[in-house]
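Undergrad: Take a look at the letters that make up each chain.
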Amino acid sequence: MTLVKGKTGDWEVVIGLEIHAQVSSESKLFSRASTEYGGAPNSQVSFIDAAMPGMLPVLNEYCVEQAVRTGLGLHAKINKVSVFDRKNYFYADLPQGYQISQFYKTIVGEGYLEIDLEDNSSRKIRIRGIHLEQDAGKSMHDQSSTESFIDLNRCGIALMEIVTQPDLRSSYETSVFIKKLRNILRYLGTCDGNMEKGSLRCDANISIRRPGEDLGTRCEIKNLNSIRNVNRAIDYEVQRQIALIEKGEKIAQETRLFNTVIGETKLLRSKENSEDYRYFPDPDLLPIELTDEYIDKIRANLPELPDSKKNRYMKNMELTSYEASILSADKEVASYFEKVAAAVNPKLATNWITAELFGRLNKASITLAECKVTATKLIGLIHLIEDNTISGKIAKELFDIMFETGEDAAKLVEEKGLKQIIDTGTIEALVEEILANNPDKVEEYKGGKEKLFGFFVGQVMKHSGGKMNPKAINDILKSKLSK
Amino acid sequence: MKALNKLTIRETLQALKDKKFSSCELLESHIKAVEANRDLNAFITETLDLAKEKAKESDLKYLNGEARALEGIPVSVKDVFCTKDVRTTAASKILSNFTPPYESTITTNLFGKGVVMLGKTNLDEFAMGVTNHYSAFGPAINPWKETGSKENLVPGGSSGGSAITVAAHMSMGALGTDTGGSVRQPASFCGIVGFKPSYGRCSRYGIVAFASSLDQAGVFARSVDDAALLSTAIMGYDNKDATCSKEELPNLESAMDQGLKGMKIGIPKEYHGAGLDPEIEALWANAKEMLRKEGAEIVDVTLPHTKYGVAAYYVIAPAEASSNLARYDGVRYGLREYKEGMSLDEMYEATRTEGFGHEVERRIMIGTYVLSSGFYDAYFSQAQRVRKLMVTDFKLAFDKVDALLTPVTINTAFALTDKKQMDPIALYLNDVFTIPASMAGLPAMSIPAKLNGKGLPIGLQVIANRFREDNVFRVAKNLERCLNFKVSPKGY
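As they're listed, the protein sequences go chains E and B.
Sequential numbering of the first sequence, starting at 1, is according to my numbering.
Sequential numbering of the second sequence, starting at 484, is according to my numbering.
Hints may contain errors.
Simulated restraints, written as ranges between beta carbons of each label pair [claimed, not checked]: (1) B:G719 to E:Y294: 23 to 31 Å; (2) E:L268 to B:K790: 41 to 49 Å; (3) B:S826 to E:N223: 17 to 25 Å.
In case anyone wonders, no lab produced these hints; they're calculated from the structure.
Bear in mind that the values here come from a model prediction, so they are computed numbers and not experimental data.
The beta-carbon is built from N, C-alpha and C at its ideal position, and this holds for glycine as well.
Please build the complete structure, drawing on both the sequences and the hints.
TA: Right under this line is the structure:
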């Protein structure tokens, strides 16, 4: 169990998350306006989004399908009847004066997501439910000293609010959870998971307690927009709560905002000042009623998700748990890997991707999608190793060039004359030449200084320009020296 | 020949087809009536020039043999239907400068049939009221007066202006909306036919919302037949309103051709009493006998939860209204009261205080209260339960009968100066007989039946099962013939 040390003893951290995931859909939840990111302010706003008089919401059924798909991907119960409710409050970027959400009957019920921890154990984090709701618009207060501006492009875009039970125990676990959830959403195609663009936002409920005791009073930290900030905010908040309690004070239930510049959470509102949202069923919309056939059809078309991919890689390709984990986590990586592994030895594919490819991606700080070495090109390279055309050493050099230029491995070998020499006659001739030029070293070797074997190998490699097959060199050298 | 504006729609359509007069001449006779009766304050916005253009187009259509179902018929439209490029106010100061860039589905449908709009009619602000005096544009006046009296009477509400235009021959028909009786009650007070189709029959797209689960478009006409023509033009599925029904449309024409033999008509016992005017009670009994003579079987039925209807309605409707009216905040359109240095909240407060009338404020406050945490279960949930019970009441009744005959109101039109009647709670009770059909989403019609001893019209209500508009029209058409009510307000 991860515990945090205080002055008066150990503390257990308890975290629950509310994650707002923007549903991947071309149009909004209740209007046909576009959801494209980055449009000119107020260029993607329908009369419905602007809450003009007499305008009515019309449900985008694709968003319902996406929510169901997400629920199924999180092993969750799909509620066959769910209802939209109005959450009433006034704000300038909320044109209707209410947000259409699901409060009493949500579309997705309880589920879970399993996370892998540092010590190789794994843990189920329970999902309490998922509901569909509209996003609000954006208020801009920095455009003028006297006026605020409103951009309604985002207003009405569909969000899935994914709520967890308070099952997370550290900022590390929380970041593992968010990454895993993000990967699953991307696999499912239900949210692009882009935190910078606000497609994935997170509120964290944090409390502390002595191990084994009842839950403490929680504080909600709002609007965490990167995994790094989630970690920073949790770590700060945990220390703040420990310090307060150890001073003999009580934690007040409140909503706090994380200030990313100074790295501290600040009071937004206390529970006493919390708004009364006057939730009630939206009379403009009928309940969503789903049939078993509808749900089963979505279930049948779910993609293979990271957990089952990982198991398959371990079982069928004999990868280690670690290798299988990193190759299955991300949808793009997994599909790259599977393409390569289908054409060459999976172990070789694993090594080349996890060591060579990832190393270079990291160094260059680019993503797999931006990488010039496509799966097909990597297969080409590995084939040249497998059929002994080039040595592993040459392959790594080629890979560097391919990484820069996106060139074909076979073409490079041809151009640069890098084809490996496997003709034993040629190798023998060179070996004999090297031995003849170094009679003293040969003597020493035969006198018992066997370390010199490496010297001879190095000389042969050097004079062949690295193009000779190392195994053949070894064999021939051994036989010549033993004579 | 009768003045053109006194013809029925059906007669007029035939005459226009036969080129007995033109759409422009027909319009002209209505414009004269509109201009002569401005003291009734029936219109908030007249669109007479636009109407002249449309009438010319209609004449062209007749000339080319392209006339549509209601080509050239002059109609007035309650000012809650959003009309493209024509100011739409909902009789509220907060929308007094609002011109929609879009057209409601109902007006789109009507205009598509060739109807010529005369203007946007007065109403109680946001359709909240039964007198049409809660209007930011002043009260509308009933063309009827008590015999020998000059005292102005209320036309009923909220669709008072629309009812007046039809009763005073300023239009041949009109659009209204009915949430708890806002078409039927003014129809009854003004001596005309008012029909509200089943909830879900007409699209609510483009109608300024009051209480979404109850709001429904309706029509006013001077005969059941004309009401059928207008209703047929506005009913139908619309994918822009999620609560709009795909249920097959009834054939009102063939329903009206049928007699009452074989029909069972229920008399709900709970509609007796409740302060019902004895003259109306007597008329109701009389009408029941007429229907029996026509061959209908009269059956006593019970709707035991009727007595909770008004209370439950005045929880649900304000609750929905409090949320529906939140959008009028001065941010994007409509009135904005802003003085330099005001915060956003202060701007909201100033705008809404200035923009809403007292009755709207009262209902927003009631609605906000009944949805508040701690009160939700006691009020809103409870009212929803009552509503379900009322639906069940009707379901059981319609297992036994095809239609119900009831009074529309407990009394006839009253004066604005009548302190007792004008008390807010007394006004809420005006809807006691119209609310139940609204709560259950049923089609219902008010039919003018008779003048009372003081010379004021009394209406009767026919209610049928959900989506059985045909049964309403079948009973109403026969009843209309028996009642033979053919009186217009004096001087109109």
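Undergrad: Look at each hint and say if it fits the structure.
TA: To see whether the hints hold, each was checked on the structure:
{"no.": "1", "hint": "B:G719 to E:Y294: 23 to 31 Å", "in the structure": "holds, 27 Å"}
{"no.": "2", "hint": "E:L268 to B:K790: 41 to 49 Å", "in the structure": "holds, 48 Å"}
{"no.": "3", "hint": "B:S826 to E:N223: 17 to 25 Å", "in the structure": "holds, 22 Å"}
The structure fails none of the hints (numbered hints given earlier).
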